[in-house]
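J.: For the record, the sequence lines run as chains D and Y. Take the first sequence: its position 14, counting from 1, is numbered 14 in our numbering, and each next residue is one higher. Take the second sequence: its position 136, counting from 1, is numbered 379 in our numbering, and each next residue is one higher.
If you are wondering where the hints come from, they were derived from the structure by calculation, not from laboratory data. C-beta atoms are modelled at their ideal positions from N, C-alpha and C, and glycine is treated no differently. Wrong hints could be hidden among the right ones.
[Claimed, not checked] Here are the in silico distance ranges between beta carbons for each label pair:
| id | chain 1 | residue 1 | chain 2 | residue 2 | range |
| --- | --- | --- | --- | --- | --- |
| 1 | Y | H421 | D | A22 | 20 to 30 angstroms |
| 2 | Y | A249 | D | A155 | 10 to 20 angstroms |
| 3 | Y | S378 | D | D20 | 46 to 56 angstroms |
| 4 | Y | H310 | D | H241 | 32 to 42 angstroms |
| 5 | Y | R288 | D | R188 | 32 to 42 angstroms |
| 6 | Y | E403 | D | D226 | 54 to 64 angstroms |
| 7 | Y | H310 | D | A22 | 29 to 39 angstroms |
[To be verified] Below 27 angstroms or equal to it, Euclidean Cα-Cα: the simulated DSS-like pairs (lysine-lysine) are:
| id | chain 1 | residue 1 | chain 2 | residue 2 |
| --- | --- | --- | --- | --- |
| 8 | D | K65 | Y | K422 |
| 9 | Y | K315 | Y | K422 |
| 10 | Y | K260 | D | K65 |
| 11 | Y | K260 | Y | K315 |
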Amino acid sequence: MEVGAHIFDLLPAYALGALDEADAELVASHLASCYLCRTELGSFQAVVEVLPLAVPEASPPPALKSRLMNQMQSLRAPKPVRVQPARPPLLQRLLPIWGFASLLLIVVLTASNLLLWRQVNNREVFTGPLGMRAIALNNNVEAAPRGSGFVLISADGEEGALVVDALPELDPSLQYQVWLIRDGQSLRGPAFTVDETGYRGARIEAPESLLSYSEIAVTIEPVEGDDPSPTGEQVLGGSLHNQ
Amino acid sequence: MRNPAADDVALIERMAKGHSEALSELYDRHNRLIFSVALAIVGDRATAEEITLDVFVLVWQRAGTYHPDRSKVSTWLTAITRHHAIDILRRLDSRADSKSVSWDHVQPEAKHNPYEVEESVELSLQRERIQAAISQLPAEQQEALALAFFGGYTHQQISERLNQSLGTVKTRIRLAMHKLRHLLQDVEESSINKSE
Numbered sequence: 001m002e003v004g005a006h007i008f009d010l011l012p013a014y015a016l017g018a019l020d021e022a023d024a025e026l027v028a029s030h031l032a033s034c035y036l037c038r039t040e041l042g043s044f045q046a047v048v049e050v051l052p053l054a055v056p057e058a059s060p061p062p063a064l065k066s067r068l069m070n071q072m073q074s075l076r077a078p079k080p081v082r083v084q085p086a087r088p089p090l091l092q093r094l095l096p097i098w099g100f101a102s103l104l105l106i107v108v109l110t111a112s113n114l115l116l117w118r119q120v121n122n123r124e125v126f127t128g129p130l131g132m133r134a135i136a137l138n139n140n141v142e143a144a145p146r147g148s149g150f151v152l153i154s155a156d157g158e159e160g161a162l163v164v165d166a167l168p169e170l171d172p173s174l175q176y177q178v179w180l181i182r183d184g185q186s187l188r189g190p191a192f193t194v195d196e197t198g199y200r201g202a203r204i205e206a207p208e209s210l211l212s213y214s215e216i217a218v219t220i221e222p223v224e225g226d227d228p229s230p231t232g233e234q235v236l237g238g239s240l241h242n243q
Numbered sequence: 244m245r246n247p248a249a250d251d252v253a254l255i256e257r258m259a260k261g262h263s264e265a266l267s268e269l270y271d272r273h274n275r276l277i278f279s280v281a282l283a284i285v286g287d288r289a290t291a292e293e294i295t296l297d298v299f300v301l302v303w304q305r306a307g308t309y310h311p312d313r314s315k316v317s318t319w320l321t322a323i324t325r326h327h328a329i330d331i332l333r334r335l336d337s338r339a340d341s342k343s344v345s346w347d348h349v350q351p352e353a354k355h356n357p358y359e360v361e362e363s364v365e366l367s368l369q370r371e372r373i374q375a376a377i378s379q380l381p382a383e384q385q386e387a388l389a390l391a392f393f394g395g396y397t398h399q400q401i402s403e404r405l406n407q408s409l410g411t412v413k414t415r416i417r418l419a420m421h422k423l424r425h426l427l428q429d430v431e432e433s434s435i436n437k438s439e
């Protein structure tokens, strides 16, 4: 695709989820920085949203409701307050990030201009004057339609930070989970929630250089889950390598 | 006059606070829609029942993540249903073959639920408009659209299943979606306005 060209022809199939992975990634990347295409996509998503009404009606058996309500009795009600006995408060956990992230942001902001930020939005890796990298992530348009995020990685890959914006607030039983992926293996990164604006920053640490991982993903996982790999819906993701 | 969309939002808010009777009411309102969409995708009543249960449990667990400014509750429910049903089919590796996927393979039924009777006139009109719009598409466009919508197939997979070139499939889906957008413009606007 020509850089900067619109992708109108791909949008109807993207709204249906009928694009292959490579094209879908291309569209998601373009949408992150193109208001016109996002607007056009919205009109096709509206079509997809009403299509279920075209399905002829059918009724489940009456006993299904009893099954549901019985099942509900064994499920815990959503907790009004999040409980994390084994962890310090989220703010305290995230506090150290601000030193590193702020430094990175200051350096990047002072060294760059609007054009450079457009490059980041276009999911090109922006390399700062000290070799730091800022990598924009792709959002899942269904799980986080307005979500965005980028990863900042130091030149040696030893330190990293994730900053997200406009992610949906989650049920108290759920949290966002960062994963670092290499050779199909996932390493659990930090977990976080977002404020009412969907914003949050989190420091990323790993036993090896962050640059040795190929991808990063953010999924929605249960607060008390300890699966070694992602089980929930992915909201953000992207490659950590130069593109 | 009742505003069904606002009532739905209130139910979701109560569910987020742990009120199970709100789930019961939401089920009464939307079980037929959810079951119908699931059945249309998987083509099997027993599996559609399980999907319907899963969807309401998921909605109970995720009620706190719902944003009324982004979509109507019914839209949220049907999107969850469609994705979950397609996921199940992919896991089972048993997506219906192209001949069984269409827009009219489930027979309509009489309505029994008081909520549906109350909303049925408006809903029926919307349903008729959408079905009429789809019926205006050429058969080959309907077929490609049904494979994408019900089966979750990609362009490439549809091309292989229909033994048509990739370009032909892309064109059919693109033309179908453009025509539906044109024909359904006021249905979408009405749907959006009701959620406000």
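J.: Does each hint fit the structure? Answer for all of them.
T.: Structure-based check of all given hints:
1. Y:H421 x D:A22: 20 to 30 angstroms: Check passed, 23 angstroms falls within 20 to 30 angstroms.
2. Y:A249 x D:A155: 10 to 20 angstroms: Since A249 (chain Y) and A155 (chain D) have Cβ atoms about 53 angstroms apart, the given range 10 to 20 angstroms is violated.
3. Y:S378 x D:D20: 46 to 56 angstroms: violated (29 angstroms)
4. Y:H310 x D:H241: 32 to 42 angstroms: About 34 angstroms separates the Cβ atoms of H310 (chain Y) and H241 (chain D), which means 32 to 42 angstroms holds.
5. Y:R288 x D:R188: 32 to 42 angstroms: Holds, at about 40 angstroms.
6. Y:E403 x D:D226: 54 to 64 angstroms: At 40 angstroms between Cβs, range violated.
7. Y:H310 x D:A22: 29 to 39 angstroms: With a Cβ separation near 30 angstroms, H310 (chain Y) and A22 (chain D) satisfy 29 to 39 angstroms, so the hint holds.
8. D:K65 x Y:K422: violated (39 angstroms)
9. Y:K315 x Y:K422: Holds, because 23 angstroms separates the two Cα atoms, which is no more than 27 angstroms.
10. Y:K260 x D:K65: holds (21 angstroms)
11. Y:K260 x Y:K315: holds (19 angstroms)
This entry does not satisfy hints 2, 3, 6, 8, going by the numbered hints stated previously.
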